[in-house]
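Build out the structure end to end from the sequences listed, making use of the hints.
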Amino acid sequence: MRLTRRSMLGATALSAVTVTALAACSQDTGEGGGSGGNGGSDGGGGGGDQIASDQNDINAKERDELGEGGVLRLANNAFPANWNTFHSDGNVRNTTDMMDTMYPVLYQYSAAGEVTPNPHYAKRIELTSEDPQVMEIELKEGMQWSDGTPINYKSIENVFNIMNGSQEEYAIASSSGYDKVEKIEQGDNDLTAVITFKEKYADWIGLAAVMPDSLAESAEAFNAGWQAEPLVTAGPYKIGKIDAANKTVLLEQDENWWGDKGLLSQVLFTTIEDPAATATSFQNGQLDVIQTTVPATYSVVEPLIDNGAVLRRAAGPNWTHITLNATEGRPLADQAVRQAIFRAIDREEVLLSVNSTMPYPENTEPLNNHLLMTNQEGYQDNAGDLGKHDPEAAKKLLEDAGYTMEGDVYSKDGKPIEITYVYNDGSKTNEAVVPVVQEALAAVGITMKVQKVPPTDLFSKYVIPGEFDLTLFGWVGNPFLSSGDSIWKTDGEQNFGKVPAPEADPLLDQAAVETDPAKRLELMNEADAHLWEAAGVIPLWQSYDFYVQHPDLANYGAWGFESPDWTKIGYVAGSDKLNG
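Under mature numbering (1 follows the signal peptide of the UniProt record, and there is no 0), residues -23 to -1, 1 to 557 are what the sequence shown spells out, in order.
Hints are computed from structural coordinates only; laboratory data are not their basis.
A quick note: this is a predicted structure, and the numbers were derived from the prediction, not measured.
In this text, a Cβ means the ideal position worked out from N, Cα and C, and glycines have one as well.
Hints are not guaranteed to be accurate.
Listed next, with one range per pair, are the computed distances between beta-carbon atoms [stated by the list, open to error]:
#, residue 1, residue 2, range
1, Thr173, Met382, 57 to 67 angstroms
2, Asn284, Thr225, 23 to 33 angstroms
3, Thr225, Gly443, 27 to 37 angstroms
With a cut-off of at most 30 angstroms between alpha-carbon atoms, the simulated DSS-like pairs for lysine-lysine come out as follows [what the hints assert, rightly or not]:
#, residue 1, residue 2
4, Lys475, Lys426
5, Lys38, Lys545
6, Lys100, Lys215
7, Lys177, Lys496
8, Lys389, Lys429
9, Lys117, Lys131
10, Lys100, Lys117
11, Lys117, Lys175
12, Lys100, Lys38
13, Lys100, Lys238
14, Lys389, Lys475
15, Lys117, Lys218
16, Lys475, Lys496
17, Lys157, Lys475
18, Lys373, Lys438
19, Lys365, Lys429
20, Lys429, Lys372
21, Lys392, Lys429
22, Lys475, Lys177
23, Lys373, Lys392
24, Lys365, Lys426
25, Lys224, Lys100
26, Lys224, Lys545
27, Lys175, Lys496
28, Lys238, Lys131
29, Lys38, Lys131
30, Lys160, Lys177
Dropping the structure here:
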């Protein structure tokens, strides 16, 4: 799912924020993250040094170096359950990737982590006062939604009124940051909003957004109105056709778009739930890009690298993990059992089981921080003993908590510890991880059952409602540290495992309002140490971006921290793809 936020607050009228951060947009890992190892060909770039956080690889070109026309054929692994990305079911990467082509995003971020107003939509986003903290958002003139209504102050107000969490009937993705706003008022004109905060909020620029009146008019419209399709758009592309039966979405240029026109004639998204089938489709020339992060796909497309295709790599703020469900009444409500699972699982073995042959830097290690990536400023190992594999320590945790071994399983009050691992059918990552975890847990007296579910249902019917004990997926990053607060806070909307972390809560609150970068990182690391003790999420590895794609495709690929600009994505001038 995606909401996002590190920043450096400076003088008033600040319009850029330097950031290094984590994500809050979930990604079901049909392919998964990555692993250690140094495989791959020279073209694949195996081994080598760690990639810096400000590096990416998208074949950057200016618009005048590109041609007009061509079709870009992309794949994802789950069809949208809801097209409303403000909704908990719609805040999933597969959906946000498509909506980015046709929905306003008021800010943009570079590979170096600089956040600035998106000139396609916003004239300015700035602080006009620091005490109290006041942000002003001024939109561009002449913008309108596809239903003909203007994009104006009301569009901004809709976001802040709904996303603050005060209306429980709206199933929002996260209220983080919005709940710190005291009031929103119209500014000097109908394109300007003045937002006054109750207290300082470091990631203020990340709250800037717009929402059409029709989506905000009722909880029914917000929750269910966009389940079949996005009813209102505003971007360089628009929906041409949605074929839900065949799970394809065809986009075409929007003739009402006010900015630089999209370069591509069409963009086709196809949902392919089986990663092996995705690789075959790319191999057969039916796709122009494949994001490949496990051997099941990489081994198929690697021979094409430097032979009609190119590999693009970046080390962005994305990571793979296992979430544990601590909901009352479930077996993992007991913190001692959760901590025992942490000690039972060998994260190094899990990492290598997924793909020891992927083109990661040599000596890649498991991720030992929930809040910062290994190549980010401030990263430190806070895992302690809970990050170390020790089956005997796991057994001792259970025995100290009153569990006794009965046969091969630990029990308490006559109830054996039996848990269910839920994952999306077809996920090669999970197919590799499940037997490793299952065997590790069996070795410490915990029985793990496995339930495979349709990819489209994973979040909407299982993860968000809490119908699981263990589940593996990825968090997708962006440049705002506090965007992840709703994952970690005890009452956070994205705390799908309902894991209590009372010691971390106040530290996260302090970090969200701390404007000194060094102090903020100290608070984040202190909070992270408590998150390890709470034992709700097992960090596995930082998931690098590996894209194999057509070499003529420009301004697309391994993004790292950078956000896409769909007015600049296209094929280089003279490419044969322009005639496709």
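The hints, checked one at a time:
1. Thr173 <-> Met382: 57 to 67 angstroms: holds (59 angstroms)
2. Asn284 <-> Thr225: 23 to 33 angstroms: holds (28 angstroms)
3. Thr225 <-> Gly443: 27 to 37 angstroms: holds (32 angstroms)
4. Lys475 <-> Lys426: Within the cut-off at roughly 21 angstroms; holds.
5. Lys38 <-> Lys545: holds (8 angstroms)
6. Lys100 <-> Lys215: holds (23 angstroms)
7. Lys177 <-> Lys496: holds (15 angstroms)
8. Lys389 <-> Lys429: holds (28 angstroms)
9. Lys117 <-> Lys131: holds (14 angstroms)
10. Lys100 <-> Lys117: Satisfied, since the Cα-Cα distance of roughly 5 angstroms is no more than 30 angstroms.
11. Lys117 <-> Lys175: The given pair, whose Cα atoms are some 27 angstroms apart, holds under the 30 angstroms limit.
12. Lys100 <-> Lys38: Given that 30 angstroms is the threshold and the Cα spacing comes to 24 angstroms, the pair holds.
13. Lys100 <-> Lys238: holds (19 angstroms)
14. Lys389 <-> Lys475: holds (22 angstroms)
15. Lys117 <-> Lys218: holds (29 angstroms)
16. Lys475 <-> Lys496: It holds: about 28 angstroms lies between the C-alpha atoms, which stays within 30 angstroms.
17. Lys157 <-> Lys475: Roughly 22 angstroms separates the two Cα atoms, so the pair holds.
18. Lys373 <-> Lys438: Not satisfied, since the Cα-Cα distance of roughly 35 angstroms exceeds 30 angstroms.
19. Lys365 <-> Lys429: holds (28 angstroms)
20. Lys429 <-> Lys372: holds (28 angstroms)
21. Lys392 <-> Lys429: holds (25 angstroms)
22. Lys475 <-> Lys177: holds (27 angstroms)
23. Lys373 <-> Lys392: holds (18 angstroms)
24. Lys365 <-> Lys426: holds (24 angstroms)
25. Lys224 <-> Lys100: Violated: Lys224 and Lys100 sit about 37 angstroms apart, past 30 angstroms.
26. Lys224 <-> Lys545: holds (26 angstroms)
27. Lys175 <-> Lys496: The given pair, whose Cα atoms are some 21 angstroms apart, holds under the 30 angstroms limit.
28. Lys238 <-> Lys131: holds (26 angstroms)
29. Lys38 <-> Lys131: violated (36 angstroms)
30. Lys160 <-> Lys177: Judged against 30 angstroms, a Cα distance of about 14 angstroms means the pair holds.
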